Amino acid sequence: MLLVFVIGLFGLVLLGAPIAFALIGTAIFMSLAQGAGLPTMKLAQSFVIGCDSVPLLAIPFFMLAGEIMNEGGISKRIVNWANALLGHFRGGLGYVGVLASMIFAGVSGSAVADTSAVGSILLPMMQETGYEKNKSTALIASAGCIGPIIPPSTQMIIYGVMAEVSVSSLFMGGVAPGILIGLALMVLWSFHARKANYATRPRASLKEVGVATKEAILAVLLPFFIIGCIIGGVATATETAALAVFYALFVSLLVYKEMDIRHLPRLVANACRSTAVMMMVVGAANVAAYLITTAQIPQLLAKAILSVTNNAYVFMLMVNLMLVLVGCVMDSGPAIMILVPILLPIAKMFGIDPVYFGVVMVVNLCIGLITPPVGNVLYVGVSLGRVKLVDLIKAIWPNIVVMFAVLFAITYLPNLIMFIPRLVVG
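Per numbering that gives the first Met the number 0, residue 0 is the first one in the sequence shown, and the count goes up by one each step.
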């Protein structure tokens, strides 16, 4: 049955079937292979049940909040504020890009949105300043992958629903890994900036920093507003997502006044379109998960793994290597939906905390967003930076290496992930 699952899924994907239809087709193959016929009603019920989840309502709201931020000039002010703080260092715009991406990650929850918002503003500035085009694009694309790690995160919402664990705990677990990746990228950029001998610019005066802070303060506070509502128990992750939309609307329409209310239907349509695609995959993944469970694939795989090792650290090494390969050929969202029903039961057998496991899984697959051949953020970088894909891949490999270094650090030092959830959520 595992062979039927793997051949069916990857065969349909290689034939060009959309991932949702590939998952449903694979479920049909597995059902027929079990000799149970085609339980049409049960498959339809599984699809609906997969989408019928309150935590999943957070996804369209966070997507809409990101759309409004882009339209309302919020992302531009975040970049200007970061520039006032860090722009005077050698290669300063690179540090600005990473910091701005980390802040924007606290609102959008999307790597593509993060990269597009920050890259569309900063990449032209970096190229005009004389920064190497390929390296600049590689840095912005890599920093964009922090989007689904620092809360909020659509990938962690999906994992939380699939694994039936607290989304708030997952959000808090992503804070430290996201910051560590940002710092690691800054350190790597500092070596490149010194080697390339980029020009420095005058340090912003206290008055200029004050003006930039005043203009950006409401934008910068939005991520802290989201996290504060969750930590303080004021609202659930879903309710906080709705509050984030109202906050973004208030700031964009009434404070910054850069957004035209007539553009709101277009922004809502964009968010709905992205959500519809994701929810189609969520429902299809639940259909596949039902067949995976009935075929006892997790138990079969667990026996195979336990015959090799009974060490949790070796198991996590095997999982990370598997996810690296999966991340190269599949987007993070579908990969989470497919692999959680298979891997999480085995992780529980090893006594691994599902929150820790989920954060490691999300971080690993988010790095896959910039690995060829499928990495979505890689192609966003090509479009924004106007560089060749081959050149961008060559430039981005050092960033991928340091990101994997952080991944293995959080894998084998679990407290880097768990100390904030334990402190805040309990």
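It is possible that some hints are incorrect.
Below are the DSBU-like pairs computed for lysine-lysine, each with C-alpha atoms no more than 35 Å apart in a straight line [claimed, not checked]:
#1 Lys213 / Lys132
#2 Lys41 / Lys256
#3 Lys132 / Lys256
#4 Lys132 / Lys41
#5 Lys132 / Lys387
Think of the hints as simulated: they come from the structure by calculation, not from any bench. In this text the structure is predicted, and so the values were computed from the model without any measurement.
Here's how the hints hold up against the structure:
The straight-line distance between the Cα atoms of Lys213 and Lys132 is roughly 32 Å, inside the 35 Å bound, and the hint therefore holds. Between the alpha carbons of Lys41 and Lys256 the distance comes to roughly 50 Å, so the proposed pair goes past 35 Å and is violated. Distance hint between Lys132 and Lys256 is fulfilled; the C-alpha atoms sit about 33 Å from each other, no more than 35 Å. The suggested pairing of Lys132 with Lys41 is violated, with an alpha-carbon distance near 53 Å, which exceeds 35 Å.
A C-alpha spacing of about 10 Å is found between Lys132 and Lys387, which places the hinted pair at or below 35 Å, so the restraint holds.
Consistency with the previously given hints fails for numbers 2 and 4, ordered from lowest to highest.
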